[in-house]
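Please build the complete structure, drawing on both the sequences and the hints.
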Amino acid sequence: MLKLPASIRVLERGWLSSNNVVLTGPEDTVLVDSGYLTHATQTLALVEHALADRGGRTLDRLVNTHCHSDHMGGNAALQRRYGCHTSVPAGEAPLIERWDEDALLLSYADQRAERFRVDATLAAGDRLRMGGIDWVAIAAPGHDTHALMFHSPEERILISGDALWEDGFGVLFPQLFGREATFAETRRTLDSIAALDVRCVIPGHGAPFEEVDAALERAYSRLHAFEEDPARLARHAARVMLTFALLEKQRLPLASLTDYVAQTRVLRDINQRFFAMTPQHFAEWIVHELERVRAAKREDGDLVPLVTA
Amino acid sequence: MKPAAAALDDGVPSPCIDVCKMNGDTGYCEGCLRTIGEIAGWSTYSDCQKRAVLERLPARQTPC
Numbered sequence: 159m160l161k162l163p164a165s166i167r168v169l170e171r172g173w174l175s176s177n178n179v180v181l182t183g184p185e186d187t188v189l190v191d192s193g194y195l196t197h198a199t200q201t202l203a204l205v206e207h208a209l210a211d212r213g214g215r216t217l218d219r220l221v222n223t224h225c226h227s228d229h230m231g232g233n234a235a236l237q238r239r240y241g242c243h244t245s246v247p248a249g250e251a252p253l254i255e256r257w258d259e260d261a262l263l264l265s266y267a268d269q270r271a272e273r274f275r276v277d278a279t280l281a282a283g284d285r286l287r288m289g290g291i292d293w294v295a296i297a298a299p300g301h302d303t304h305a306l307m308f309h310s311p312e313e314r315i316l317i318s319g320d321a322l323w324e325d326g327f328g329v330l331f332p333q334l335f336g337r338e339a340t341f342a343e344t345r346r347t348l349d350s351i352a353a354l355d356v357r358c359v360i361p362g363h364g365a366p367f368e369e370v371d372a373a374l375e376r377a378y379s380r381l382h383a384f385e386e387d388p389a390r391l392a393r394h395a396a397r398v399m400l401t402f403a404l405l406e407k408q409r410l411p412l413a414s415l416t417d418y419v420a421q422t423r424v425l426r427d428i429n430q431r432f433f434a435m436t437p438q439h440f441a442e443w444i445v446h447e448l449e450r451v452r453a454a455k456r457e458d459g460d461l462v463p464l465v466t467a
Numbered sequence: 083m084k085p086a087a088a089a090l091d092d093g094v095p096s097p098c099i100d101v102c103k104m105n106g107d108t109g110y111c112e113g114c115l116r117t118i119g120e121i122a123g124w125s126t127y128s129d130c131q132k133r134a135v136l137e138r139l140p141a142r143q144t145p146c
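Residue numbers (this note's numbering), protein chains in the order written: chain U, 159 to 467; chain B, 83 to 146.
If you are wondering where the hints come from, they were derived from the structure by calculation, not from laboratory data. What you were told as hints is all true, and nothing was included just to trick you.
With a Cα cut of at most 25 angstroms, we get these calculated BS3-like pairs of lysine-lysine:
(1) K455(U) to K407(U)
(2) K103(B) to K455(U)
(3) K103(B) to K407(U)
What follows is the structure, given as C-alpha cells:
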C-alpha cells in the first residue's frame with residue numbers, strides 16, 4: 159500500500175474533476191488543483207473534511223498545476239470560503255486575468271469555470287514549501303504549454319498534474335491547434351520526469367502510483383504513436399472532448415449530437431482540420447468510437463458515459 | 083482526462099462516476115454512494131479497506 163507523508167492528503171476524484179492535493183504544514187495549508195466547476199460544492203466539502211482531520215486548519219494557499227477547467231473550477235468558491243492566496247503558472251496568468259474563454263478551452267470546448275483572482279504566479283525553478291516539505295516547480299509543457307509539476311527531492315514525490323498519469327497523459331491540445339513543438343515538448347517533459355528521483359507520482363487524475371518507470375514507458379509509447387500518426391491524436395481528442403461533455407451532462411440525446419459536434423467549436427475545428435466529415439457523419443463516428451472503447455453506451459435514445467470498464 | 087479503464091495494477095478502482103453531489107439527507111454521494119469521509123479517505127485506504135467500502139455500497143441504494 160502506498161505510503162505518503164502524513165502532511166499530504168490526496169483527494170482522489172474522477173475524470174471530470176482533477177484530484178485535489180491537500181498539504182498541511184506547520185505554517186499553513188495548501189491545496190493543489192480544485193476540480194471542475196459543477197463539483198465545487200463537493201470539492202469544498204472534501205477540503206473542509208481534510209482540514210478538520212488535521213485539527214481544524216484553514217486553507218491558506220491554493221496552487222494550480224495548470225488552468226484547465228477540471229483543475230481550476232473550484233478556485234473561486236475556495237477563495238470565497240477561505241480567502242486563500244492563489245498562485246497559477248506564470249504563463250497562464252495573462253489568460254486568467256483577461257479570462258480568455260478560447261485559450262482556456264472553456265466556451266471553445268463547451269466547458270465552464272468561474273473567474274477567480276490571481277494573487278501570484280509560479281515559474282519553473284521556483285522553490286515552494288507545502289506540507290512542511292520543500293518542492294521545486296518543473297516546467298511540464300505538452301498537454302498545456304505553461305503547466306508546472308512539483309517535485310520533492312527529499313520525499314521523492316512528484317505532483318504531476320496532467321503531464322503523466324499511470325496510463326497516459328492529458329490530450330496534446332497545443333499540437334492539434336498548430337503548436338508544432340508540442341510533441342518535442344511532451345517528450346522533454348517525460349525526459350524531465352525520467353531524470354528525477356521519484357518513488358511516487360500524484361497524478362492529476364487516477365490513484366497515486368509508484369511504478370513510475372512503467373508509467374513512463376506507456377507514456378513514451380503513446381507519444382510515439384501520436385507522432386507517427388497525428389490524425390490519431392485528433393481522433394483521441396474528439397473522443398475525450400465528447401466524453402467530458404457526457405460526464406458533465408450525464409447524458410446527451412443521440413438526436414442532438416449532430417448539432418452538438420457542429421456547434422461546439424473544438425469539435426467543429428478538429429473535424430474540419432483532420433476529417434472533413436459532415437457533422438452527422440462525425441457525430442456517428444464519435445458515438446461508434448466511444449462505444450468501441452467502452453467510454454459510452456446508448457440508453458433510451460441518449461448517449462451515456464461508462465466510467466468503469 | 084479520460085474515463086478510467088480497469089486499474090493497471092491490483093489496486094481497487096474508485097467507484098466515482100463523476101456525479102460528485104452529496105445527498106444532504108442520506109449523507110452519501112448521489113453518484114458513488116460513499117460518505118464524505120470515505121471519499122476523502124479513499125487514497126489512504128488499503129485494498130482491503132477499499133473493498134470493504136465497495137461491499138457496503140449496494141445496500142445504500144434507495145429503492146425507487
